[in-house]
Every structure is written in structure tokens, then in C-alpha cells.
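K.L.:
Residues per chain are reported as follows:
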Amino acid sequence: MPIITLVLVFTNAYHGLVFSNVELNPADPTLPLILTPGLVFGGMVVAYSYAVLSVGSIMLARRLLLSRRSFRVQAYPLLIASSIPWLFNMLYLYDQNLFGYVEPTSLTLTLAGMIVIWRTVSWPGLYIAPIAREVLIDSMSDFVIVVDYEGRVVDMNPMAEKLIGRSYSEVMGQPIESAWPEWPRVSKVLDDKASATKEVSFGTGEKKQCYELESTRLPGFTSDEINLLITLRDITKRKLTDEKLRLYSEHLEELVEERTKKLVESEGRFRELADLLPQPVLEIDNEAKFTFANRAAFALTGYTEEDMRRGVNALDLVVPEDRERLAEVTMRILGGEHTSGYEYTVVRKDGSTFPVFLYAVRVMRGNEIAGVRGIAVDISERKRMEEQLLRSERLASIGETAAMVGHDLRNPLQAMTNTLYLVKRLAASEKGEDRKEAVGLLGTLHDAIQYMDKIVSDLQDYARPVGAAPIETNLPDLVKATVSNVKIPGNVEVTVDIQGDSSNVKVDPALFRRVLTNLILNAVQAMPKGGKLTIAGSRGDESFAVAVQDTGVGITPENLGRVFNPFFTTKAQGQGLGLAVCKRLMEAQGGTIEAASRVGEGSTFTLKIPTNRTLGAT
Amino acid sequence: LNQKHILVIDDDESVLGTIARILELEGYKVETAKTGKEAIEKSNLGAYNLAIIDLRLPDMDGTELLTAMRDTTPRMIKIMLTGYPSAGDRTETIKENADGYLVKPIEVDDLLKTIKNHLEKQESAAHGASVTT
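If you read the sequences in order, they're chains R and H.
The opening residue of the first sequence carries number 660 in this note's numbering; numbering runs sequentially from there.
The opening residue of the second sequence carries number 4 in this note's numbering; numbering runs sequentially from there.
Derived from the structure by calculation, the hints contain no laboratory data.
Certain hints may be false.
The calculated lysine-lysine pairs, modelled on DSBU-like cross-linking and capped at a C-alpha distance of 30 Å, are [as the list claims (entries may be wrong)]:
1. LYS1113(R) to LYS116(H)
2. LYS1090(R) to LYS32(H)
3. LYS7(H) to LYS1083(R)
4. LYS116(H) to LYS1083(R)
5. LYS119(H) to LYS1090(R)
6. LYS40(H) to LYS1083(R)
7. LYS1090(R) to LYS116(H)
Facing chain R, from chain H, some residues (calculated, C-beta under 7 Å) [as the list claims (entries may be wrong)]:
8. SER17
9. VAL18
10. GLY86
11. TYR87
12. GLY91
13. LEU105
14. LYS107
15. VAL111
16. ASP113
17. LYS116
18. THR117
Owing to the predicted nature of the structure, the values given are computational and were not obtained by experimental measurement.
Built from N, CA and C at the ideal position, the CB exists for glycine as well.
This is chain R alone, in the form it adopts within the complex (with noise of 0.2 Å):
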């Protein structure tokens, strides 16, 4: 139309359809040309004109009225430009000469267009928004569509093409369930008022895809006319990890489901294992407190799972004298400490005791120290055959010693019987030298008694408890009277030297008067062929020794480290018992005896009594 309107006024000379006719002001040509308007112009064109400016004015007044605040703002100086050349025209048309010579239209035209541009320039929306909303609208990675009211597609972005598999062009104005096969589905889900979440699906398999849909009502010219925007964003790989997570999730369950039925097995399990065994296992918290036990432990113990529950101090189950130790190994066990098994004797809830072994291990939950476990071991039976063995052994060793005190004695009785034979026979004899014989006999009787009553002495010294008395004691003065009392044969040279007093020394004067007669008779006996003899005492920094030494055969290596065991001898007469007694007599007085012997040098025993004991009480 403007373009007609153009072409038509630049040719108005040849049809005068613009301006019919064209002439200059008769009363004073300055003045602007008296035009006569055409038929174009007169009607079609000013009709034109108004008819496009009125509808605009229209749709202005129309989106002011629906428009948000921001657009009302753009929208009234618009509408003021829009109407200033409706007012200015009816002016004129009321009266051609108010503005004198001055056309009015193009004024007003040009003031109006002086508006619209003030107003686009000004509103800083314009700079980017309308370039970036198309940009955004159609690289967005979501699909969006807008049908108009009538079903028809009017504007689709990119991807959209893409998902319908057809170009905007080609689907423009098209019905939409034509354009997209589609369209039904997608419809019903958009209607569908009960789900809160819009989804739609397309493909199978592998190639399925799934759209959250949204759609957004735009107003049309009257309220009837719903336009709708509709987006779909591809949520297909949100979808497979959210199943991904779902499958993950119920394996998971699974797995708990599949773990938690496998422990409580395992639990029934131990539990059965541990109720099975005879002997009863337990578990203790941190505190000492029972968090477990097996049958057999309620049953030898007496306690009950009720009482358990209220709760028992593993330290209540042991005698009183145990308590400690079983604190303290607990204690090790609990920090990690490997430790062997520990004999405890059990109180049971009756009151009633018997001896276990018990063997425990730390318990650890994660990286918390959870309390210790342990089996014990009954050992009634144990102790007892222990304690029969013991005294099958005391017996045996009784035999033992009979036979051995038997052999012993059977030889000074075979020594009576036969000195009482030749006494018998001598005494008879007419001869007086025979009688003088028998009469000399006697002696060997008096030897055989002296020896038989030794060897029972000897046995009763080493059988019986020994009963030590230690006192104060003089033993310069005790050893002195010792040698002095002892029958030493005369090619026996003796020398006592005691050195130091022995004040705070305590010893059992009888006992250490027996022990050193013993050993200066050993010492005699192993010098046969004489010899010296030498007791010599001293204090120490922590004993009083006294060292009896000979200078007779010697005692073998082999033989030196068995003199103080019972029944070992070397001697044709005796049992063995001497040095044995000797060593039990010194012990009982807190002291020691120590041997020392070289082959063919002679040997040295010799006593030690502490005197530190007796200082630190003093």
C-alpha cells in the first residue's frame, strides 16, 4: 500500500488520482499550493492511514490494559504518540484555517514519530532482549512449541524440529496433529490434571526418550483465545540414572536383606556351636560386664540368662583371692596382649567353687575395643587326677624308697646275723682267743644298730615337714661346739677359722648343728687316707657363709650337679638322703648350701644364711 500510495503521488501529473488538480495560492503564492484531493487520496490513502493508525491505537490501548507494569510503562507515552494525530486531524477538520497556513498532519505525524522513538531508545530492554530471546529461545536444549487456539503450530525452536523431524517451515500454520504424530499423547498428558509430574515417553529400547512437559497458557486477543507454549525437556539420561539409582538402591536392599539373613545364620549358628560345647564360653564388655554366655556356662555356674541381663561382674564369678589377677590379666588382654591360658577357681551362685582354665582374647567392634572373650575349661577332673597322680606318685615314690630303705637295711641285718653266728660259734670255742674274738664281734653289732638307725632317721628327716626356729645366734661359738663333738679320725688335720660377728643372723641352732656334723662326716669319709679339713666362716655383704673343705677324692662334674638330689649317692653305705636333708634343713632356715668339688682336690660345701632379712626387720 505505501508503495502504491508512492508511485501514485510521483505520477500524479498523468491521472490526477493524488490530487486532481494542483495550483498556487491566488492570494499569495509564498503560500504553501492549494492541492484538491484525488480520489486515491481523498478516500483510499487518509482512509488507509486512519483505518491502520486507529487499530494500532487499538491493540496498544488493548495490551496496556493486559500488559505487566513494565510494558504499561512503554505503553502510554505510545498511545499519547498514537493519538496526537487523531486529535490534531478532527481540529482541522473542524475548522481548515485554526492553523492558518500550517498543515497540520505532517507535524503532528513527525511528533508522534518523535515519541515512538524517544520512547524505543529510552527503554533499555530493547538492547539485548529481543536479540537474546531469540537466541535463547532457539539454542536452549529444551523443545518448545506454540500453538495458537485454533491447534495450529505458529512458532517452534530448533531442537523442536528436531524432535518432531520437521522444519519450522514446513509445519508453520499446520494443524499440530498433522505436524506431529505425536500430539495425542503428548495432549492427554498435558490434560491430564491428577499427575503432578507431566512426562512423556517416545521410542523403545535403547532409543527411549523421555520429555517433562510443561505448558504455558499465552492470552490471545479475546480470553477464548488460549495460545500454548508448550516446553519439553529431555530428561532421558536424568531418567537412567534415576532407575540406575532405583536398581542400585534395591540391590542394596537386597544385599542388606540377603547380608542381615546370612548374620543372623551365622549368629544362630555360633550360638548352637557355642551352646554344643561342654565347656562354657563367655564374653565380657569393657566394664566386666557378661554380654555373653553359652549353656554349659549357666549350667556350671548356676546363673540364669535372667540374671545376666540385670547383669554380672565377671570378677563376682572368681574367688576373692583371684579377683585381682583377673583384673590385671583382663586389663593385658584388653590391650592387646596375647596371654596363655590362667587357672581361676569359680564361685558358683550357690556359693559352690571348681577350678577352670580360661583362655581369652580381646573383642574388637570396628576399631573399639569391645571387651574380651573366652572359653573356659572345667578342670575338676584335672585337678583331681592330678592330685591321684600325685599321690599314685607319692606311693610309687614310697615304694621307692622302701625298696631302697629295705636294700639298706638288709645289709647291717645280714652283718647281725652273721656276727650273732660267729659270736655263737666263737663264744663256744674252748680257745680263749675265740671268746676274746666274739667279745670284739660285739662291736660290728654295735656299727650295724648305729647304722640301721641312721638310715631311719636319715628317711624320717626327709619325709617329715621340717620345723625351723630360727634365732639370733652365736655360730663362731655353735660351730665350734659342732667340730668339737664330731668323732674325726686322727689323720684328719682340722682347722676352724670364723671370721666377723653374726649378730642379726638367725638360724635354728639343732638344724645347723645337724647339717654341718653331716657334712664334716662327708668330708671325713671322702678323705680315707686323711687329709685337712678346714671350716671356715665369715659375713658378707648380704650372707654369713660358713664353707666346710676337704681335701679328699672329689666329686665328679656329672656327680656335682645331683649331690642334693634325694637317693643319689656314690657311697657303698647310705641312701642318699644326707645332702638332700642337708639342703631341706637349710632352706627351712631361709638359708642356702652350694657345693663346689674338683676330682682329686677335695670339695667345699658351703652354708649361707642372709643377714639382710634379719637387718631390714630390726
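Once you've looked at the hints, dock chain H against the given chain R.
P.N.:
Relative to chain R, chain H alone:
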């Protein structure tokens, strides 16, 4: 003169002395030994009709002595005289190598009777042997 030689082996002097004296009074020629070693030496040097052997000696066991003397003095009568009523695990060795087992204390008359019996048996066996040869 048919004086019989007897070797008495015992480590107990009073037993040894009295037995030797009794046997002397009975007319035997007696030698004594206190140890196994001494007994072996003496048995090798002199010819003894009979030996009285104690089971426990200071340097060796009586059975050891028996074994040692088995080949050197096969003809010598060996009578064990011991304080052990039973020889325990040594019984077999004794049975094989000794002619008698006497337990102390034994009545002197019984001892003498045993010795006498053995010596008579020995003598008759020797005579028998000489007759046949």
C-alpha cells in the same frame, strides 16, 4: 688237700668281713673284693670254685660283673647275695649267668648249705668229666 676257694664280693665291710670269717671257720680259702674291678682282677688271677656276689657295687652293677666274668671264669659257681628281694629287669641276666640268688639277710646255715651243695655238684661234675675223658 681239697680246699675250696671262695671269692666274696660286697661293698659293705661288715657283711664282707663276717662272711669271710664264717667261711674261713668252715675251712674254705676266702678272698674278698669290695668293687667290681677288684673282683675281676682277683678272679683272673686265682681259680675260685665259687663267688658270692652283691648286686650293688660302687663301680658297677652285679649283673655287669656277672657278664664280665662269664667267659673268663665259666666254671666258677656264682651265687648272688643281695638286698633286693627281686632283681627286676635284671632277672634274665642273673638267671642266665648266676647259679643262685639269695636275699639278705639269709641264715648262715642256709648260706653254708647252699655253698656246700653247689661245690659238691661242681665236684661230681668234674669227676664225671674226668671219667668220661
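K.L.:
Indicate, hint by hint, whether the structure satisfies it.
P.N.:
Hints, verified against the model:
For a cut-off of 30 Å, the pair hint linking LYS1113(R) to LYS116(H) is broken: about 33 Å separates their Cα positions. For the given pair, LYS1090(R) sits about 21 Å from LYS32(H) by alpha-carbon distance, which is consistent with the 30 Å threshold. For the hint pairing LYS7(H) with LYS1083(R), the CA-to-CA distance comes to about 24 Å; that is within 30 Å, so the pair holds. As the CA atoms of LYS116(H) and LYS1083(R) are separated by approximately 18 Å, the hinted pair is consistent with the 30 Å bound.
The suggested pairing of LYS119(H) with LYS1090(R) holds, with an alpha-carbon distance near 26 Å, which does not exceed 30 Å. For the proposed pair LYS40(H) and LYS1083(R), the alpha carbon gap of about 34 Å is over 30 Å, so the pair is violated. For a cut-off of 30 Å, the pair hint linking LYS1090(R) to LYS116(H) stands: about 26 Å separates their Cα positions. With a least beta-carbon distance of about 4 Å to chain R, the hint placing SER17(H) at the interface is held under the 7 Å criterion.
A distance limit of 7 Å between C-beta atoms decides the matter here; for VAL18(H) the minimum to chain R is near 5 Å, and the interface restraint holds. Interface hint status for GLY86(H): upheld, as the beta-carbon distance to the closest one in chain R is roughly 4 Å, under 7 Å. The restraint placing TYR87(H) at the interface with chain R holds, with a minimum CB-CB distance near 6 Å, inside the 7 Å limit. Against a cut-off of 7 Å between C-beta atoms, the interface hint on GLY91(H) is violated, since the closest Cβ of chain R lies about 9 Å away.
At about 10 Å, the closest approach between the beta carbon of LEU105(H) and any beta carbon in chain R exceeds 7 Å, and the interface hint on this residue is violated. At a threshold of 7 Å, the smallest CB-CB gap from LYS107(H) to chain R is about 4 Å, leaving the interface hint in force. Hint on VAL111(H) holds. Least Cβ distance to chain R is approximately 4 Å, under the 7 Å limit. Restraint check, ASP113(H) versus chain R: the minimum CB separation of about 10 Å is more than 7 Å; hint violated.
Annotation: interface hint on LYS116(H) violated; nearest CB of chain R at approximately 13 Å, more than 7 Å. Below 7 Å, beta-carbon pairs count as interface contacts, and THR117(H) has none with chain R, the closest being about 14 Å; its hint is therefore violated.
Going through the hint list in order, the structure does not satisfy hints 1, 6, 12, 13, 16, 17 and 18.
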